[in-house]
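Asks: Just so you know, the sequences run in chain order A and B. One point on numbering: in my numbering, the residue at position 52 of the first sequence is 52, and numbering is uninterrupted. One point on numbering: in my numbering, the residue at position 118 of the second sequence is 118, and numbering is uninterrupted.
One should not assume that every hint holds.
Keeping only pairs whose Cα atoms sit at most 30 Å apart, straight-line, the calculated DSBU-like set for lysine-lysine is [to be verified]:
{"hint": "1", "chain 1": "A", "residue 1": "34", "chain 2": "B", "residue 2": "44"}
{"hint": "2", "chain 1": "B", "residue 1": "8", "chain 2": "B", "residue 2": "81"}
{"hint": "3", "chain 1": "A", "residue 1": "277", "chain 2": "B", "residue 2": "249"}
{"hint": "4", "chain 1": "B", "residue 1": "370", "chain 2": "B", "residue 2": "249"}
{"hint": "5", "chain 1": "A", "residue 1": "34", "chain 2": "B", "residue 2": "81"}
Listed next, the stretches of chain B that the computed footprint assigns to chain A, with coverage defined by at least 3 CB atoms under 8 Å from CB atoms of chain A [what the hints assert, rightly or not]:
{"hint": "6", "region": "221-230"}
{"hint": "7", "region": "266-274"}
{"hint": "8", "region": "296-309"}
{"hint": "9", "region": "320-327"}
It is worth saying that the hints were derived from the structure and are not from the lab. From a predicted model like this one, the values you see are computed outputs, not experimental measurements. Glycine included, every Cβ here is placed at the ideal spot set by N, Cα and C.
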Amino acid sequence: MNQLATSMFSIVEAWFLAPDIKLLKIQAPLIARKRKAGQFVIVRVHEHGERIPLTIADADPGLGTITIIVQGIGKTTRQVNLLNAGDALLDVVGPLGNPSDIRLFGSVAVIGGGVGTAIAYPTAVALKEVGNFVISIVGARSKELVIMEEEMRATSDELFVVTDDGSYGRQGLVTDMLRELIEAGRSIDHVLAIGPIPMMQAVAEVTRPHKIATTVSLNPIMVDGTGMCGGCRVLVGNESRFACVEGPEFNAHAVDFRMLAQRNRLYRSQEQAALKKFENWLQYALDPTPCCQLEKEHPEIGPRSHT
Amino acid sequence: MAERLPPKERTKIPRQAMPERDALERAHNFCEVNSGFDLALAEKEAQRCLACADPKCVHGCPVGVKVREVVDLVIEGEYLKAAAKLREDNVLPAVTGRVCPQETQCEGACILGKRFAPLAIGHIERFVADYERQTGEAGLPTPAPPTGKKVAIVGSGPAGLSCAGDLILKGHHVTVFEALHEIGGVLLYGIPEFRLPKDIVQTEVANLGRMGVEFQTNVVIGKTITVDELLNEMGYDAVFVATGAGLPKFMNIPGEHLGGVYSANEFLTRVNLMKAYDADHYDSPVYSCANRNVAIIGGGNTAMDGVRSALRLGAKNAYIIYRRSEAEMPARVEEVHHAKDEGVQFMTLHNPVEFIGNDEGFLTGMRLQKMELGAPDDSGRRRPVPMPGSEFLLPIDVAVIAIGTGANPLVQSTTPDMQTNKWGYIVADEATLRTTKRGVFAGGDIVSGSATVILAMGAGRTAARSIHEFLNTGVW
Ligand SMILES: Cc1cc2nc3c(=O)[nH]c(=O)nc-3n(C[C@H](O)[C@H](O)[C@H](O)COP(=O)(O)OP(=O)(O)OC[C@H]3O[C@@H](n4cnc5c(N)ncnc54)[C@H](O)[C@@H]3O)c2cc1C
Ligand SMILES: Cc1cc2nc3c(=O)[nH]c(=O)nc-3n(C[C@H](O)[C@H](O)[C@H](O)COP(=O)(O)OP(=O)(O)OC[C@H]3O[C@@H](n4cnc5c(N)ncnc54)[C@H](O)[C@@H]3O)c2cc1C
Ligand code: SF4
Ligand code: SF4
Ligand code: FES
């Protein structure tokens with residue numbers, strides 16, 4: 001029998017990189033074998049869960065595992081972050097989206113904001129491998145939220161860390177750092193920026209007057225991830241593009257960020273209500289009985305396997 | 001068991017109506033609308049059949065279901081035999097009995113329709129299939145001894161499922177690969193629960209599983225595995241591509257990106273597959289329709305499913321916006337009637353020209369243009385022509401675009417030696433469903449463009465026959 005994708009998506013390792021940011025290694029051999037930098041998976045945690053996209057941060061084809069790095073911001077991502085080695089994800093499908101455009105640009109600035117650093121990491125590795133000079137700028141709100149610093153350092157020729165509050169590295173925004181480099185006359189042939197929408201938009205505005213080609217990875221709301229629903233449509237150069245199959249990377253100077261931000265607010269009230277309910281539940285559910293958290297929340301799905 | 005009535009008596013019986021839930025009650029829940037014939041109704045309706053020597057109904061059915069013989073068995077009270085007879089030509093009778101456009105197929109051809117109402121073939125078919133399922137006596141046929149040949153089927157809609165069913169019987173090893181997390185294709189993510197309960201599809205899928213079909217969900221062919229890898233590295237001897245026509249079409253008018261504007265695929269997937277209607281128990285949201293104005297653009301089955309779902313999500317006003325007149329609507333007649341009974345408002349001869357939103361990017365209205373019918377177009381239907389100066393604004397909070405779908409290119413773009421036509425559909429020989437790539441067959445909506453469940457199923461069976469022949473002879 002062939003080893004097939006659906007047999008199991010068990011979690012082999014899981015640990016927190018920062019408060020609310022967890023790294024999980026998942027058994028998914030077919031995806032591990034195929035994935036390229038810049039691609040993502042769609043994950044469903046349990047029978048009643050939603051489908052959410054997560055970037056493949058790394059993969060080990062030999063062991064058949066992929067790595068995802070998840071920031072717990074809403075109900076589903078927090079559920080993922082409750083899982084540990086030995087638990088499993090119900091559905092993992094991929095690799096989806098186009099691989100990053102990996103070419104010898106010359107000198108490339110890779111900018112990661114928050115969990116965006118994890119999403120930018122595999123592409124930084126690939127850019128370095130083909131011989132680019134990689135300057136990385138890792139940004140976070142404060143020291144404890146800086147992630148992947150060592151990994152990024154290992155794959156970069158130069159690395160700068162900036163924090164909003166100055167608690168670590170330089171104080172400021174990633175765009176301050178980028179502007180400084182450009183103004184100092186550093187040659188930058190290409191910029192890759194991944195992070196919150198306002199950050200990506202700000203980077204685009206910094207590079208635009210200098211005509212530095214800039215790529216961003218967009219994060220619209222997705223359902224299927226295969227071009228079937230059109231929910232992930234973004235406006236690029238005034239044209240409608242499906243980010244899951246035509247992206248997720250696009251030319252930053254052509255992206256309508258305002259539209260993207262608006263569309264990502266579509267379910268704000270439902271998301272907030274779901275999160276609140278979930279947090280209330282968490283409060284009284286944190287008793288020490290050794291049973292899967294999800295099982296308690298959804299008794300109707302029955303016991304989950306722990307292998 | 002009953003005697004056949006003399007012909008004169010038969011035509012005196014009126015067509016038996018399908019029992020259905022009260023329109024106002026059902027418009028607020030997702031329970032199945034039609035409750036089905038009971039034994040008495042089924043027999044009474046069956047008695048109307050004239051037992052034609054040359055039954056036109058059989059020719060009207062795309063897969064040639066032996067309607068007359070099935071009806072005979074119903075009159076004799078041999079329901080399980082009737083079910084077996086149905087299954088000779090139709091592997092999903094509980095589905096087709098519910099969703100076939102009978103009025104243009106079997107019933108459209110029925111001789112009774114010339115002077116009276118045609119025989120309610122769909123209702124009888126459904127009755128027989130439900131009887132078989134409810135008695136739990138579906139006699140599953142035993143597959144032939146293993147041939148050692150392996151077939152990969154891409155897509156688990158009616159085309160893929162019926163092909164799998166036939167090939168497993170021939171003793172081949174069959175694996176169905178499905179991109180989504182559940183098996184069934186449009187039967188599951190498109191057609192809503194109130195029209196086709198999901199457990200019907202799941203029972204059929206479970207039966208296939210018991211017969212030995214292997215199902216792999218969460219595999220996107222073209223991404224997770226390519227067709228070439230299936231054939232070369234994974235050792236499949238043949239591949240059947242049945243990926244459907246799942247690429248949503250938008251209208252390319254201003255405002256389409258506003259929050260609240262959906263493709264029918266997204267809206268129905270959220271509501272059906274992800275069960276957004278049960279927000280207390282499921283996590284996928286759908287933009288709220290409760291007490292709001294919802295418009296569905298289009299006149300096909302998808303549009304009817306969308307608008308009736310919106311009503312059930314609590315819409316204050318639910319509109320169908322269609323640019324031609326009701327006579328040209330491609331939807332099944334029954335769906336149009338049901339929609340009207342439930343309170344859907346039909347705005348035919350109207351076409352949207354712009355979506356209007358507020359500062360936060362949410363939909364607030366739609367600019368509509370009135371249309372009139374001009375000369376017939378290529379499709380033979382009268383072409384809708386805009387009436388100058390007729391534009392007006394309709395307040396709308398949610399809009400669902402259901403104007404058709406196209407071919408998803410994921411498989412085609414990663415299988416360069418498999419030819420496609422100018423719209424991106426796969427080119428396949430009509431008789432054998434062979435593509436231009438050796439060992440690869442294709443059928444269903446991905447070849448024909450959006451069609452019907454029964455045509456997709458027919459394609460699946462044709463493919464099974466020619467795949468079997470190819471596996472036996474090795475001749476391409
Ligand atoms: C291609 C892609 C790659 C991504 N990679 C990562 C990653 O590696 N690590 C990571 O932590 N996050 C990643 N994200 C974002 C992640 O998908 C969202 O944070 C997650 O879906 C939020 O779900 P939630 O239920 O926890 O939060 P919610 O409370 O439901 O939503 C919070 C916000 O997340 C966004 N969101 C909600 N549902 C979806 C959805 N189905 N699809 C996409 N966005 C949604 C919306 O902007 C929403 O306002 C990626 C998104 C995309 C599109
Ligand atoms: C809302 C709606 C209502 C309808 N109502 C009716 C009706 O009342 N009566 C009627 O006769 N017809 C109806 N139809 C049409 C009918 O459902 C279709 O014609 C039929 O389902 C086509 O069958 P198929 O097997 O070709 O494809 P589909 O049913 O579309 O199934 C294709 C499957 O392939 C999967 N897939 C796609 N790409 C890949 C890939 N790369 N890898 C793996 N899997 C993949 C898809 O996820 C899907 O599950 C309706 C359609 C819709 C959308
Ligand atoms: S399969 Fe459809 S068309 Fe054929 S007899 Fe049954 S209901 Fe009629
Ligand atoms: S055409 Fe009508 S009356 Fe004649 S056999 Fe068929 S169903 Fe009966
Ligand atoms: S997520 Fe559905 S089309 Fe992109």
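Asks: Which hint numbers doesn't this structure obey?
Replies: 1, 3, 5, 8 and 9
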